[in-house]
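Trainee: Sequence:
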Amino acid sequence: MNTTLLGIIVGAGVLLLLLMAAVKIVPEYERGVIFRLGRIIGAKGPGLFFIIPVVDRMVRVSLRTVTMDIPPQDVITKDNVTVRVNAVTYFNVVDPNRSVVAIEDHIKGTSQIAQTTLRSILGQVDLDELLVNRDEINQRLQRIIDDVTNPWGVKVTLVEVKDVELPQAMRRAMARQAESERDRRAKVIHAKGEFEAAQTLADAAERLEGHPAAMHLRILSTMAEITSERNSTLVFPLPMEVLRLVDMLRPSEAVQEGARTT
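Residue numbers (the working numbering): 541 to 802.
Heads up, none of these hints are tricks.
Subject to a maximum C-alpha distance of 25 Å in a straight line, what follows is the list of computed SDA-like cross-link-like pairs (lysine to any residue):
| hint | residue 1 | residue 2 |
| --- | --- | --- |
| 1 | 648 | 637 |
| 2 | 648 | 695 |
| 3 | 702 | 621 |
| 4 | 618 | 656 |
| 5 | 702 | 653 |
| 6 | 648 | 600 |
| 7 | 564 | 604 |
| 8 | 727 | 742 |
| 9 | 564 | 588 |
| 10 | 648 | 659 |
| 11 | 702 | 649 |
| 12 | 695 | 612 |
| 13 | 695 | 676 |
| 14 | 702 | 608 |
| 15 | 564 | 602 |
| 16 | 732 | 718 |
| 17 | 727 | 717 |
| 18 | 702 | 612 |
| 19 | 564 | 603 |
| 20 | 695 | 602 |
In short, the hints are calculated from the structure, not lab data.
Build out the structure end to end from the sequences listed, making use of the hints.
Mentor: Here it is as structure tokens:
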């Protein structure tokens, strides 16, 4: 009796273990890739499903987007400048079967190809292009890495260059360049201001020459501004025509003095 009861208990335990091994529950963000006697039969899930214990083997694959930092890489740009660059890549599994069969570890494989591609692409661009056209470089990196990982069932959605570390000497050179550029712009702006001021003064002089009364009003306005400061300065406006007349009379006076001496 005891032996029969023990056998029933052992049998029930074995059936319970087989049942627990046969029942699988996969969440919404995962898929279960089923191998039957070593051959793949497809991915199942999400939810509840059954497999054949001992015969079937299940490999869980996550479909969520993976955010992976690309370790800092020492890169020599096209113009022979050594920089240290790090980036981040976003990818997710779109085909669970291929992500298990085509590659041993799709996360490690994507990381390695991202590092080598980062060094290769940045070595083909100049430093200025790396600093200015970063969006275009990110798109190139995404396309190249995605082409490599596509046979693995992995989709690379985004690659972003996060930081570019420059040598101290290069930073000082760029600072001097920026300072020189600001000085050049300041001189150009100052020269343009002088040109516009001269042009405006020329237009004003031409307008005043055509209207003598306006010139007198301008003189009176200037005198009013000076007297409003409560000082003892006296202003006597002298027309420019008088000075021109004096200049015209000087040669004749010099001729008369020469005649007297002879």
